[in-house]
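J.: If you want the building blocks of each chain, they are given just below.
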Amino acid sequence: DTAVSQTPKYLVTQMGNDKSIKCEQNLGHDTMYWYKQDSKKFLKIMFSYNNKELIINETVPNRFSPKSPDKAHLNLHINSLELGDSAVYFCASAGGFYNSPLHFGNGTRLTVT
Amino acid sequence: QQQVKQSPQSLIVQKGGISIINCAYENTAFDYFPWYQQFPGKGPALLIAIRPDVSEKKEGRFTISFNKSAKQFSLHIMDSQPGDSATYFCAATTNNAGNMLTFGGGTRLMVKP
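Respectively, the protein sequence lines represent chains A and B. Per the numbering used here, the first sequence starts with residue 1, numbered consecutively. Per the numbering used here, the second sequence starts with residue 1, numbered consecutively.
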C-alpha cells in the first residue's frame with residue numbers, strides 16, 4: 001500500500017486555468033504538507049495543515065489554497081495558473097510528535113503552457 | 001533568503017569512494033537536522049538525522065558530522081555504491097515550526113561503477 005499517494009502524476013494545462021491536485025495518506029498522521037520543487041530541484045514548503053491549524057508560507061500566492069475534507073486528505077487548489085507555477089508538487093505527512101519524519105508522495109509534475 | 005546552504009550542487013564519486021556533502025545554516029534556533037534522499041521520479045525519503053547535542057551520528061555507511069559553533073553539518077557516505085546515486089537534501093527545523101523543514105538546495109550524487 002502506498003503511504004502517501006498523489007493524483008494526478010502529470011498535469012498539463014494552460015495559463016489561466018484552475019486545477020486541483022489530490023493527496024491521501026494512510027499512515028494515520030495528524031499533519032500534512034505541500035512542498036514545491038522547482039526546475040533546479042529546490043524544495044520549498046508551501047503549507048502545513050492539521051485539524052487545528054493551517055500554516056501558510058508567506059511567499060505562497062493566494063491563488064494556491066489547501067483543502068482538507070478529512071484528516072487523511074489534503075488537496076491543493078490552484079487558481080489562474082501562471083507559467084511560473086510549473087514545478088513538481090509534493091504532498092507529505094508526519095506524525096504528531098516533534099521530529100517525526102516526513103513521508104512524501106511521489107509528486108505531481110505540473111506543466112503550464 | 002536561503003537559510004540552509006548546501007554544497008556542492010553535484011558530485012561524482014567512484015564506486016568505493018567517500019561522498020561528502022556540506023550544509024551551513026544561519027538560524028541558530030534550528031535544532032533538528034535531517035538528510036533526505038531522493039531518487040528520480042520519487043519523493044524525498046528520510047535518510048538520517050541529528051540533533052545539535054551530538055557531534056556525530058552514524059547509521060551504516062552514512063554519517064552526519066555536526067559543528068554547532070560553525071553552524072555547519074555534513075553527510076559522509078562511505079564505500080559509495082552506484083545505488084547511492086540520487087539527490088541528497090539537508091534540512092533544518094525548529095521546535096515550534098510544526099515539522100516544517102527548510103531544505104538546502106540539494107546535491108546530485110553520481111557514483112560511477
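It should be emphasised that the hints constitute simulated quantities derived from the structure, not laboratory data. Glycine included, C-beta positions come from ideal geometry on N, C-alpha and C. Among these hints, one or two may not hold up.
Once the Cα atoms are required to be at most 30 Å apart in a straight line, the calculated DSSO-like pairs of lysine-lysine come out as [said to hold, decoys possible]:
id : chain 1 : residue 1 : chain 2 : residue 2
1  : B       : K68       : A       : K19
2  : B       : K68       : A       : K67
3  : B       : K112      : B       : K57
4  : B       : K57       : A       : K67
5  : A       : K36       : B       : K71
6  : A       : K22       : B       : K57
7  : A       : K9        : B       : K57
8  : A       : K19       : A       : K40
9  : B       : K15       : B       : K112
If you anchor each label on the Cβ, the simulated ranges turn out as follows [claimed, not checked]:
id : chain 1 : residue 1 : chain 2 : residue 2 : range
10 : B       : G16       : A       : S20       : 45 to 51 Å
11 : A       : S20       : B       : K112      : 40 to 46 Å
12 : A       : E82       : B       : K68       : 37 to 43 Å
13 : A       : N17       : B       : K58       : 48 to 54 Å
14 : A       : F97       : B       : A70       : 25 to 31 Å
15 : B       : K58       : A       : M15       : 22 to 28 Å
16 : B       : N96       : A       : S65       : 34 to 40 Å
17 : A       : N51       : B       : P82       : 22 to 28 Å
18 : B       : K68       : A       : T13       : 44 to 50 Å
19 : A       : Y98       : B       : E56       : 18 to 24 Å
20 : B       : K112      : A       : K67       : 30 to 36 Å
21 : A       : T113      : B       : P82       : 17 to 23 Å
22 : A       : K67       : B       : H76       : 40 to 46 Å
J.: Now tell me if each hint is right for this structure.
T.: Hint check results:
A distance of roughly 44 Å separates the Cα atoms of B:K68 and A:K19; the hinted pair therefore is violated under the 30 Å criterion. A hinted pair counts as satisfied when its Cα atoms are at most 30 Å apart, and B:K68 with A:K67 does not qualify at roughly 39 Å. For the suggested pair B:K112 and B:K57, the alpha carbons sit about 26 Å apart, so the restraint of at most 30 Å is met. Taken as a hint, the B:K57 and A:K67 pair is broken in the structure, with Cα atoms around 38 Å apart against an allowance of 30 Å.
Distance hint between A:K36 and B:K71 is fulfilled; the C-alpha atoms sit about 26 Å from each other, no more than 30 Å. A threshold of 30 Å between alpha carbons decides the hint, and for A:K22 with B:K57 the separation of about 37 Å lies outside it, so the pair is violated. Proximity of A:K9 to B:K57 is assessed by CA-CA distance (about 36 Å); at most 30 Å being required, the pair is judged violated. Annotation: proposed proximity of A:K19 to A:K40 holds, straight-line Cα distance about 23 Å (limit 30 Å).
About 6 Å separates the Cα atoms of B:K15 and B:K112, which keeps this hinted pair within 30 Å; it holds. The hinted range of 45 to 51 Å is satisfied by B:G16 and A:S20, whose Cβ atoms lie roughly 47 Å apart. Checked against the given bound of 40 to 46 Å, the beta carbons of A:S20 and B:K112, roughly 42 Å apart, stay inside it. In this structure the hint that A:E82 and B:K68 lie 37 to 43 Å apart at CB holds, the actual value being about 41 Å.
The hinted range of 48 to 54 Å is satisfied by A:N17 and B:K58, whose Cβ atoms lie roughly 49 Å apart. Evaluation of the 25 to 31 Å hint for A:F97 and B:A70 yields a pass: the beta carbon distance comes to about 29 Å. The given range of 22 to 28 Å is broken by B:K58 and A:M15, whose C-beta atoms sit roughly 49 Å from each other. About 24 Å separates the C-beta atoms of B:N96 and A:S65, a value inconsistent with the hinted range of 34 to 40 Å.
For the pair A:N51 and B:P82, the supplied restraint of 22 to 28 Å is violated, since their beta-carbon distance comes to about 43 Å. Range check, B:K68 to A:T13: about 46 Å between beta-carbon atoms, so the 44 to 50 Å window is met. One distance hint, 18 to 24 Å for the beta-carbon pair A:Y98 and B:E56, holds here, with the actual separation near 22 Å. Evaluation of the 30 to 36 Å hint for B:K112 and A:K67 yields a failure: the beta carbon distance comes to about 46 Å.
For the pair A:T113 and B:P82, the beta carbons lie near 36 Å from each other, so the given range of 17 to 23 Å is not met. Take A:K67 and B:H76: their Cβ atoms lie about 42 Å apart, and the range 40 to 46 Å holds.
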